[in-house]
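What follows is each chain in one-letter form.
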Amino acid sequence: MFEELDDYRNKIREFALKEFTEEVAAEYDRKESYPDYLRKKSLSLGIVDMQNPAKVLIAIEELCRVDAGLGIALTTPYFGSEVIMLFGNDKQKEILNDVYRGKYILGLGVTEPSGGSDVAALKTTAKKQGNKYILNGSKMFITNGAIADYLVILARTSEDSNPHHGLSTFLLNTKSKGFSATKLEDKLGVRATNTAELQFNNIELSEDDLIGEEGKGFYYIMMFFNISRIYVAAQSIGIARGAFDKIKSYIKENNIKDEDSMFQLSDVGTRIEASIQMTYNAASYLFEFKPKPELTSMAKAYSSETAVFAAEEAMEILGDRSLYEDVQRIFRNAKIMEIWEGTSEIEKLVIARYILKGE
Amino acid sequence: MEEENNILRETVAEFCEKNLDEKKIETDGIDKKLTQLLAEQGFLGCAIPDKYSGSGLDETSYEIILEEIAKYSPTVAMRIFVLNSMYYPAVNGTAAEETLKDASTGKINIAVDFINKKTGNESVSGKIKGTLKNILGTDADKLVVFNDGTSLVSGPFKSESRDFMGFRGLKFGDLFLDNSVQVLDKSNRLSEIMEKAYGPASAIALGMIASALQKAIDYTNVRKAFGSQLRDFEPVSFRLARFRSTEVILRNSLYGKVDPYYTFNFAMEHLVEIARYSVNTHGGYGYFKDFGVEKFYRDAIVMKSIFYGTEELRKLTDHVYSEKINFI
Ligand SMILES: Cc1cc2nc3c(=O)[nH]c(=O)nc-3n(C[C@H](O)[C@H](O)[C@H](O)COP(=O)(O)OP(=O)(O)OC[C@H]3O[C@@H](n4cnc5c(N)ncnc54)[C@H](O)[C@@H]3O)c2cc1C
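Sequences listed follow chains S and V, in order.
Quick note: the first sequence uses this note's numbering, first residue 220, plus one each step.
Quick note: the second sequence uses this note's numbering, first residue 232, plus one each step.
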């Protein structure tokens, strides 16, 4: 599935090398602002093809390999689109088409100030009043939060003894009355992406804004994580490979031959190869509509830890050289991989649950 | 002795609590006022002898000061370290030792070119010309350059500062030199000076470990998920508890009788892992500056990248293989 796309991969790599120059990457990292001109350019060149998930995976990997801040900035305007694609109504799918075309930016809000791991404990409510829902609450750390036109929002629509029930997803227009977003600043990495805290103050939503069925939101989001975790694994592989590129050129340029360095090189290479195998394997089940959540979580947890491992190794192998070149940015970007779309601890809980289920 | 050390520890901690705002230091740098304050308290030149206006403290007191300050501001601890453990031994016993008075009292800023290890710059006939890249402390008035003839270069320098990942309060960048130099030594003494600084460097690492870990312990005591405090999830609390053992062992090694080679190695091996895990336990908040934990992760990797690598491992290995074996 993936080998057939080698030409596409080369095209993405070429684009990334041309556009993500050190100057551009360093500038957006420093300014902590969103590179909208690059998003537009990537759309006009067909860099992100959301209709083809294998291509998305490759694009994410190759873009993040050159710079994860810019790479993620170009591939997250569609974040949450799968929820609409799978469960949305016709009107929502029209909006989604405009997202694909670049007219709108999308985002997805699950995490709240009081917690992100424990999804079902969220406090945002969408109470039904007549044929409307009234949205109240707040969301935290939402990617694209302050630049999005639409957001997929998970909120509680009814109380239930099973906390997984009674949650619903909505497509929220950010121009709605009662919506506000505050950009969060001073992130460690991925600083070309926009992150915001959101407030919902008596926002009126219509029944048409509900995505899918009322009360099924938790399951929709878990289904979404099956997809998005694969993409985070791809981001991680990209970052790890970017770090590996730096290590390889440093070793070659400096004619380093000592055995300890060779062992470090081979450890990083081995872990990257394992991450690729795990991720592509999990993805191949998913792309045939037979997701295996345990394989997905294994790939996400392992690849994200590999990204951090490779970035730290690059810092150490390059020594003082790493401190002021792009390697330090790779290091700062890598850490988010272990946090978003489920921390490593949450992935481990998923893995264990499915392993025992299979017994 | 023990009591005196505890009093010193408390005094330093109190000072830090009151005067060190690391977020401000990271953006604005260590300003003149803070430098003066550090000098007045006797922290700036704490290990430099009285005759050069230092405090002439013993190694243990010096390390206690570094440890406590690093808990609040690794940047300030690093500045003190560079003066006491790198600049002082480089100029001590030379005609340049006169500069120590102004350095200990905060009248001048100093920097030591310890990142570049081997610079290509040669100090020909008492002058140095050209760009010296990647200096931590571009706001310096005097700079020690380690090359084949260790030299002291006097300012003023033209400089260009750049963003830097760690110890952000110390200005970082390039110096453009066309200055006269004073030769301090005929050889490059950086490696030897660094070896003598293993204790103090470990003290900074210890302070960072202790603080990053304490923040994680405090956070997991209050943050809840799935109806429990994070501390109730054993993989989390077990890990933090194990890190506390590491911290305690490191502290006892540092202030005990353990060979500094081993202490330094132990500190460097654990620093990054503990700082990283502190970010993890804070979830999304850990990724933002406001929570004050990501800086330990940045500073940790910078410290390890500068001070620890193949060269230090070779020294450690030589040290181990040359040790007298304790049995017949
Ligand atoms: C830059 C950035 C962008 C983000 N973008 C988005 C976005 O677009 N949309 C969105 O919804 N969210 C987003 N997030 C939020 C992210 O998904 C959450 O931060 C993450 O899920 C963790 O949640 P938390 O921060 O509330 O940490 P918590 O849930 O409070 O967890 C804190 C720590 O406790 C651990 N922990 C929790 N429960 C357990 C357990 N049972 N056992 C063991 N350990 C446990 C966690 O692993 C973690 O280490 C983003 C975050 C960041 C930093």
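There's no promise every hint is true.
[Said to hold, decoys possible] Below 27 Å or equal to it, Euclidean Cα-Cα: the simulated DSSO-like pairs (lysine-lysine) are:
hint, chain 1, residue 1, chain 2, residue 2
1, S, Lys567, V, Lys364
2, S, Lys250, V, Lys254
3, S, Lys250, V, Lys364
4, S, Lys342, S, Lys402
5, V, Lys455, S, Lys346
6, S, Lys310, S, Lys347
[Unchecked claim] Sample of chain S residues at the chain V side, in silico, Cβ under 10 Å:
hint, residue
7, Lys347
8, Asn350
9, Phe360
10, Glu404
11, Thr414
12, Ala530
13, Leu537
14, Trp559
15, Lys567
16, Ile570
[As the list claims (entries may be wrong)] Covered, in the sense of this in silico footprint (three residues per stretch, anywhere, with C-beta under 8 Å from a C-beta of chain S), are these stretches of chain V:
hint, stretch
17, 383-396
18, 540-553
Since the hints were made in silico from the structure, they are not lab data.
Glycine included, C-beta positions come from ideal geometry on N, C-alpha and C.
Now the hints, each set against the structure:
no.: 1; hint: S:Lys567 / V:Lys364; result: 45 Å, violated
no.: 2; hint: S:Lys250 / V:Lys254; result: 18 Å, holds
no.: 3; hint: S:Lys250 / V:Lys364; result: 24 Å, holds
no.: 4; hint: S:Lys342 / S:Lys402; result: 21 Å, holds
no.: 5; hint: V:Lys455 / S:Lys346; result: 25 Å, holds
no.: 6; hint: S:Lys310 / S:Lys347; result: 21 Å, holds
no.: 7; hint: Lys347; result: 27 Å, violated
no.: 8; hint: Asn350; result: 35 Å, violated
no.: 9; hint: Phe360; result: 4 Å, holds
no.: 10; hint: Glu404; result: 8 Å, holds
no.: 11; hint: Thr414; result: 9 Å, holds
no.: 12; hint: Ala530; result: 9 Å, holds
no.: 13; hint: Leu537; result: 7 Å, holds
no.: 14; hint: Trp559; result: 7 Å, holds
no.: 15; hint: Lys567; result: 8 Å, holds
no.: 16; hint: Ile570; result: 13 Å, violated
no.: 17; hint: 383-396; result: holds (count 4)
no.: 18; hint: 540-553; result: holds (count 3)
This entry does not satisfy hints 1, 7, 8 and 16, going by the numbered hints stated previously.
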